[in-house]
Amino acid sequence: MTTAAAREPREERPGDSWIVALLFALAFGYDTVEAVANLQQLPLLYLGNAIEGATPWWLLYAGIALPVLLFAAALWVGRRMRLVPKAGVLLVALGVSAQLSLLAEQLARQIALTALGG
Amino acid sequence: MRGGRGTAASAGKLDPMNRDEDALHWEGDDELDRLSVVDAADEADGAAEPGASAPVVREARHRGPLGWLMLVLAVAATAGWVVILVANPVQQPSLVALAMYQLGELLAVLTPLLWWFVVDRVAPLPRRALWWLAGLVVTAPWPLVAGVLA
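Chains as they are written, first to last, in this note's numbering: chain E, 1 to 118; chain A, 1 to 150.
These are calculated hints, taken from the structure and not from any lab test.
All values reported here derive from a predicted model rather than from experimental measurement.
Treat the hints with care, as some may be off.
Stated by the list, open to error - Here are the computed distance ranges between Cβ atoms for each label pair:
hint, chain 1, residue 1, chain 2, residue 2, range
1, E, Ala21, A, Leu103, 14 to 22 Å
2, E, Val84, A, Val96, 24 to 32 Å
3, A, Arg127, E, Ala50, 22 to 30 Å
4, E, Leu47, A, Ala79, 36 to 44 Å
5, E, Val68, A, Gly64, 30 to 38 Å
6, A, Phe117, E, Leu47, 39 to 47 Å
7, A, Pro126, E, Val84, 20 to 28 Å
8, A, Phe117, E, Ala54, 23 to 31 Å
Heads up, the beta-carbon is just placed ideally off N, CA and C, and yes, glycines get one too.
Just chain E, with the same shape it has in the complex:
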């Protein structure tokens, strides 16, 4: 009983960090897949509106790179942390990835509207 009580707050194994990192890798991977789909489909949308010259390639490639970079940065920041703080850092990074995805969407919309207006 005493041993169990003493051990209770430390039920953390080295593998737990890897499992959490793997789960977050799936979420960041989903963001990357979405960005790749955008890279395939958005140029067609611009082509359909005859504004293919205004296709924001830099934005599309940045959209693919950013989730990977954010995941790596979160792992680096949380490398010496315990499980829960590490998961918190990864969750914040995932949120930033979602915010940047929305920003990219807004910028792509603005670029298309500017090209159509000009």
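Position chain A against the provided structure of chain E, taking the given hints into account.
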């Protein structure tokens, strides 16, 4: 005689009490015990090292005026993201894609507050202000700014 029984118990295969203990014993528990010792040593190191995460032991973390100001700004950023999402038209090809998109939107809205909270709980005290300022810049409602400037 006593010594002989002790030897049999330490062999552990025939003693029913030991079988019960075996049933409650998980593979890797020994490693866990060793890990606790390593963690205690890490904590002792971490107290002296500014790059280490906060120790588990609860301590008074005074926020000060800067902390509360940053919280107010994080709430303002969250409100900005709510405005963005209300104005954002959503078109997704499937129900799953729509659910994932809206989950991402929810996460985007909560991120300024999440950043503030994680920094408050995790960041070492000397670097906390720097991380809060970084969060203020990174999680600002930039699509709103991009929309206004366009």
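Status of the hints after comparison with the structure:
1. A beta carbon spacing of about 20 Å between Ala21/E and Leu103/A agrees with the range 14 to 22 Å that was offered as a hint.
2. Look at Val84/E against Val96/A: about 29 Å separates their beta carbons, and that is inside 24 to 32 Å.
3. Look at Arg127/A against Ala50/E: about 51 Å separates their beta carbons, and that is not inside 22 to 30 Å.
4. Range check, Leu47/E to Ala79/A: Cβ separation about 38 Å, and the 36 to 44 Å hint holds.
5. Our hint of 30 to 38 Å for Val68/E and Gly64/A holds, since their Cβ atoms are close to 36 Å apart.
6. Taking 39 to 47 Å as the suggested C-beta distance range, the pair Phe117/A and Leu47/E conforms, at roughly 44 Å.
7. About 22 Å separates the C-beta atoms of Pro126/A and Val84/E, a value consistent with the hinted range of 20 to 28 Å.
8. The supplied range of 23 to 31 Å is broken by Phe117/A and Ala54/E, whose beta-carbon atoms lie about 40 Å from each other.
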